[in-house]
Amino acid sequence: MEKRLTPAETYEDLRAQISARHGALSRRLQQIAEFALQHPNEMALETVAAIAERAQVHPSSLIRFGNAFGFDGFSDMQRVFRSRLVDRVPSYGERIKSLRTAKVGGAAEALDSFVEAGIRALEHLRDETRPDSLERAIDVLARAQIIHVVAQRRAFPVAAYLAYALGQLDRRNHLLDNLGGMLAEQARAMAPGDALIAVSYKPYAPETLEVVKRAHGAGIPIIAITDNPLSPLMPLASVAFEVEESKVEAFRSLTASLCLAMSLVVGLGQALERRPKRRLRKGAA
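Note that our numbering has the sequence shown beginning at 1, numbered continuously upward.
Please keep in mind that the hints were generated in silico from the structure rather than gathered at the bench. This one's a predicted model, so the numbers in the text were calculated from it and none came from an experiment. Even for Gly, the Cβ is constructed at its ideal location relative to N, Cα and C. Misleading hints may appear alongside valid ones.
Here are the in silico distance ranges between beta carbons for each label pair [said to hold, decoys possible]: (1) R153 to Q31: 23 to 31 Å; (2) S26 to M234: 20 to 28 Å; (3) R126 to R153: 21 to 29 Å; (4) R153 to S26: 25 to 33 Å; (5) G73 to S26: 12 to 20 Å; (6) D112 to Q145: 32 to 40 Å; (7) Q270 to E123: 39 to 47 Å; (8) Q145 to V266: 15 to 23 Å; (9) M182 to P131: 18 to 26 Å; (10) S75 to Y164: 46 to 54 Å; (11) E128 to A271: 40 to 48 Å; (12) R27 to D76: 19 to 27 Å; (13) A218 to E116: 42 to 50 Å; (14) E53 to R274: 47 to 55 Å.
In silico EDC-like links for lysine to aspartate or glutamate, alpha-carbon gap of 20 Å or less [to be verified]: (15) K247 to D127; (16) K213 to D177; (17) K202 to E242; (18) K213 to D170; (19) K247 to E12; (20) K202 to E244; (21) K247 to D132; (22) K247 to E135; (23) K247 to D13; (24) K247 to D72; (25) K202 to E185; (26) K247 to E109.
Assemble the whole structure, with the sequences as input and the hints as a guide.
Printed below as a string of structure tokens:
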């Protein structure tokens, strides 16, 4: 008989267990795991019926999901999800519901909806981003001879901004933009002593993942900006940031991602002011 797991006591431990065991779960439980990691607030505040409807599973599957992680039932697991909200504003649940049920009418209503959603995304970024992760990422960037930046499709504006802002700091950088379908050739410019910033969101551009794999294989430190602990970038990254972007109807913004990018650049600028000038690798450009 398979040994039963000891139930996690904290949200961070539960999150780590779900991520680690995702591949061993049944297809239905994997579906719940992905929903749980992407929507921890709903898992904490909604009823079993409401969560099952949103995750598109039968309510009994949620009970089995709790059992799979050592809990007697879903309500016991839900208490762990709720523990992360203890210090939050009491109206958090109402805010989530109002955002999900908001109907976008004309241009003014659309603007209001995007602003409100953006505020929530920024609050989540501030609450969930670990200061030590920021410091480690900035240290990687400060040590790099050349900073390579890669992203595709919806994530590309974040990479473009990073390349621009790094240039304003006089930091040598290389935007892997895949111009002319030459991404693989561009990636060959990465070398030991460099660093890579990769930005990718679900469904995760395969081109970006290939560059990340190449960098990882070459021992180049990777800073990942992504949206899910199950993202394929996570296990390859030296430092990973999980960003939950705002969504209104079918449209997602980049508010939180760009804020994080700005924070990294400003933090890097401050770090460089405190460090002696480093000599560039011969021939670096």
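How the hints compare with the structure:
Between R153 and Q31 the beta carbons are some 24 Å apart, a value that agrees with the proposed interval 23 to 31 Å. For the pair S26 and M234, the beta carbons lie near 22 Å from each other, so the given range of 20 to 28 Å is met. Range check, R126 to R153: Cβ separation about 27 Å, and the 21 to 29 Å hint holds. At about 31 Å, the beta-carbon gap between R153 and S26 stays in the expected band of 25 to 33 Å.
A hinted range of 12 to 20 Å for the beta carbons of G73 and S26 is consistent with their spacing of about 18 Å. As the Cβ distance of D112 to Q145 is approximately 46 Å, the hint placing it in 32 to 40 Å is violated. For Q270 and E123, the Cβ-Cβ distance of about 24 Å falls outside the hinted range of 39 to 47 Å, so the restraint is violated. A C-beta distance of roughly 21 Å is found between Q145 and V266, which places it inside the suggested range of 15 to 23 Å.
Separated by about 38 Å at the C-beta atoms, M182 and P131 break the suggested range of 18 to 26 Å. In this structure the supplied range 46 to 54 Å holds for S75 paired with Y164, their Cβ-Cβ distance being about 49 Å. For E128 and A271, the hinted distance range of 40 to 48 Å is not satisfied, since their beta carbons lie about 23 Å from each other. Remark: the range hint 19 to 27 Å for R27 to D76 is upheld by a beta-carbon distance near 24 Å.
Restraint check, A218 to E116: a C-beta distance of roughly 43 Å satisfies the suggested window 42 to 50 Å. The beta-carbon spacing between E53 and R274, approximately 52 Å, falls within the hinted interval of 47 to 55 Å. Our distance criterion of 20 Å between C-alpha atoms is met by K247 and D127, whose separation comes to about 18 Å. Restraint check for K213 and D177: satisfied, since their Cα atoms lie roughly 17 Å apart, inside the 20 Å limit.
Distance restraint check for K202 and E242: the Cα-Cα separation of roughly 12 Å lies within the 20 Å cut-off, and the hinted pair is therefore satisfied. Taking the CA atoms of K213 and D170, the gap is about 27 Å. The hint is violated against a cut of 20 Å. With a C-alpha separation of about 25 Å, the suggested pairing of K247 with E12 is violated against the 20 Å cut-off. Straight-line distance between C-alpha atoms of K202 and E244 comes to about 11 Å, which keeps the hinted pair within the 20 Å bound.
The straight-line distance between the Cα atoms of K247 and D132 is roughly 28 Å, outside the 20 Å bound, and the hint therefore fails. Between K247 and E135 the alpha-carbon distance is near 29 Å, which puts this suggested pair outside the 20 Å criterion. Between K247 and D13, the direct Cα distance comes to roughly 27 Å. Violation of the 20 Å bound is thereby established for this hinted pair. Between the alpha carbons of K247 and D72 the distance comes to roughly 34 Å, so the proposed pair goes past 20 Å and is violated.
With a CA separation close to 25 Å, the supplied pair K202 and E185 exceeds the 20 Å bound. This hinted pair checks out: K247 and E109 have alpha carbons roughly 14 Å apart, not beyond 20 Å.
The structure shown violates the earlier hints numbered 6, 7, 9, 11, 18, 19, 21, 22, 23, 24, 25.
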